[in-house]
Amino acid sequence: MSKRYSINEVAKIFNITTNKLRFYEKKGLIKSLRDNTNNYRYYSKEHLVRIQTILMYRVLDFSIEDIQQVIDENYKDNILNHFYKQWEVVNDEMHRLRLLKDSIEELMDAMYESDDEKYVDKIIESAQRINKVNNIKDNWKDKWDFDNWAKTYDISIRKDIGSLKIYKNYDEILQTVYKKSTENIQKDVSSIKVMDIGVGTGNLSEKYLNKGYNIVGIDQSREMLNTAKHKFPNLKVRLGEFLKIPFDNSEFDIIVSTYAFHHLNDTEKNLAIKEMMRVLKYDGRIVIGDLMFENNVKREELMREFTKDQIEEIEDEYYSNIEKLETEFNKYGKRLVKYKIDKLNFVICVQ
1 MSKRYSINEV AKIFNITTNK LRFYEKKGLI KSLRDNTNNY RYYSKEHLVR
51 IQTILMYRVL DFSIEDIQQV IDENYKDNIL NHFYKQWEVV NDEMHRLRLL
101 KDSIEELMDA MYESDDEKYV DKIIESAQRI NKVNNIKDNW KDKWDFDNWA
151 KTYDISIRKD IGSLKIYKNY DEILQTVYKK STENIQKDVS SIKVMDIGVG
201 TGNLSEKYLN KGYNIVGIDQ SREMLNTAKH KFPNLKVRLG EFLKIPFDNS
251 EFDIIVSTYA FHHLNDTEKN LAIKEMMRVL KYDGRIVIGD LMFENNVKRE
301 ELMREFTKDQ IEEIEDEYYS NIEKLETEFN KYGKRLVKYK IDKLNFVICV
351 Q
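Everything in the sequence shown is counted per UniProt numbering, starting at 1 for the first residue and increasing by one.
A hint or two may mislead.
[Unchecked claim] As a list, the in silico DSS-like pairs of lysine-lysine whose alpha-carbon atoms are at most 25 Å apart:
#, residue 1, residue 2
1, K281, K324
2, K231, K211
3, K193, K122
4, K179, K236
5, K334, K298
[Unchecked claim] Distance windows between CB atoms, simulated:
#, residue 1, residue 2, range
6, M108, N295, 38 to 44 Å
7, D138, D61, 18 to 24 Å
8, H230, E113, 52 to 58 Å
9, M108, Y332, 20 to 26 Å
10, R158, E46, 47 to 53 Å
11, K331, K211, 54 to 60 Å
12, K274, K3, 56 to 62 Å
13, M94, K298, 27 to 33 Å
14, R158, Q52, 46 to 52 Å
15, T327, S191, 31 to 37 Å
16, T307, K101, 46 to 52 Å
17, D142, D171, 23 to 29 Å
Just so you know, these hints were derived from the structure itself, not from any lab.
Bear in mind the structure is a predicted one, so any value in this text is a computation, not a measurement.
Where a beta carbon is used, it is the ideal one built from N, C-alpha and C, also for glycine.
Required output: the full structure, derived from the provided sequences and hints.
Now the structure itself:
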């Protein structure tokens, strides 16, 4: 007969109270067996595995309802979705606290350096700035519905049905980004940390994987991440976005991105640059391949060439102004070099 465990033995094994076990049973997470002679609860080894799983999910802050769903359905995708939710909550909170910490530091400096009246003004300004930045970061929306696009993305870029034919040089852009980002690398590539922002289905990341780089792809679309992981099982993927990069300061040697930056408006782009600079190592490099205009003059010249439908297609996005990007990167002591691929596609290298 298989070993049986009393409620007190189980509580001792897991260092929890017997009341907690009774609570989980009341909620339907576990169902103990009963001794026929004395009606006492007892548990099998299978129960122990289930209890261990419940406790693990509780540590990860899963609700009782979420744990019930995960355990009952026991689907890998379902468990992943719960982890994604927890990851998102933790990442959001870390960014909120980081912004709060930076603001407190500014206020402390202001109080030392200003007179009584001026530091009060600084407190008000700081509070307003925190709220503004938080609102921008929290209110970015995926109006392009990338979750539904994920499974057909690779097919659609090859068809390139839009009138602007923005994907006609797709392969060249990916190759240029890879080449420029890895030029003159002297170290063992396995020690080079690379982040691909807006990893999509993983087509750019594949190039780094094949050469042995330590790369991770982030995307705000769970379905894009699932597709990338299915195509490239060895690719590490994380839920994240330009405005809330889920990594620590000075973590990456190389940051790359293709066909993603144009989903941010100018204000969001500036915040994204700040985020990239935060996680980039001091001597790191950023390489972005995307839809861009060199400056406002060039934009106006090109817009006069386009049809009404083409203009509407452009205005549905936020094509970058390279001149503005250069000004912003210069604030961080970085130099920007641009490479023109076609009328609308450029690769910029920042170092």
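Evaluated hints:
1. Between K281 and K324, the direct Cα distance comes to roughly 23 Å. Compliance with the 25 Å bound is thereby established for this hinted pair.
2. A threshold of 25 Å between alpha carbons decides the hint, and for K231 with K211 the separation of about 17 Å falls inside it, so the pair holds.
3. Between the alpha carbons of K193 and K122 the distance comes to roughly 38 Å, so the proposed pair goes past 25 Å and is violated.
4. Proposed proximity of K179 and K236 is supported: the alpha carbons are some 21 Å apart, at most 25 Å.
5. Restraint check for K334 and K298: satisfied, since their Cα atoms lie roughly 24 Å apart, inside the 25 Å limit.
6. A beta carbon spacing of about 40 Å between M108 and N295 agrees with the range 38 to 44 Å that was offered as a hint.
7. Between D138 and D61 the beta carbons are some 20 Å apart, a value that agrees with the proposed interval 18 to 24 Å.
8. Between H230 and E113 the C-beta distance comes to about 55 Å, which sits within the given range of 52 to 58 Å.
9. In this structure the supplied range 20 to 26 Å holds for M108 paired with Y332, their Cβ-Cβ distance being about 23 Å.
10. A C-beta distance of roughly 49 Å is found between R158 and E46, which places it inside the suggested range of 47 to 53 Å.
11. Between K331 and K211 the C-beta distance comes to about 32 Å, which lies outside the given range of 54 to 60 Å.
12. K274 and K3 have their C-beta atoms about 58 Å apart, which keeps the hinted 56 to 62 Å range intact.
13. Restraint check, M94 to K298: a C-beta distance of roughly 39 Å breaks the suggested window 27 to 33 Å.
14. The supplied range of 46 to 52 Å is met by R158 and Q52, whose beta-carbon atoms lie about 47 Å from each other.
15. One distance hint, 31 to 37 Å for the beta-carbon pair T327 and S191, holds here, with the actual separation near 33 Å.
16. Separation of T307 from K101 is about 50 Å and conforms to the stated range, judged on CB atoms against 46 to 52 Å.
17. One distance hint, 23 to 29 Å for the beta-carbon pair D142 and D171, holds here, with the actual separation near 25 Å.
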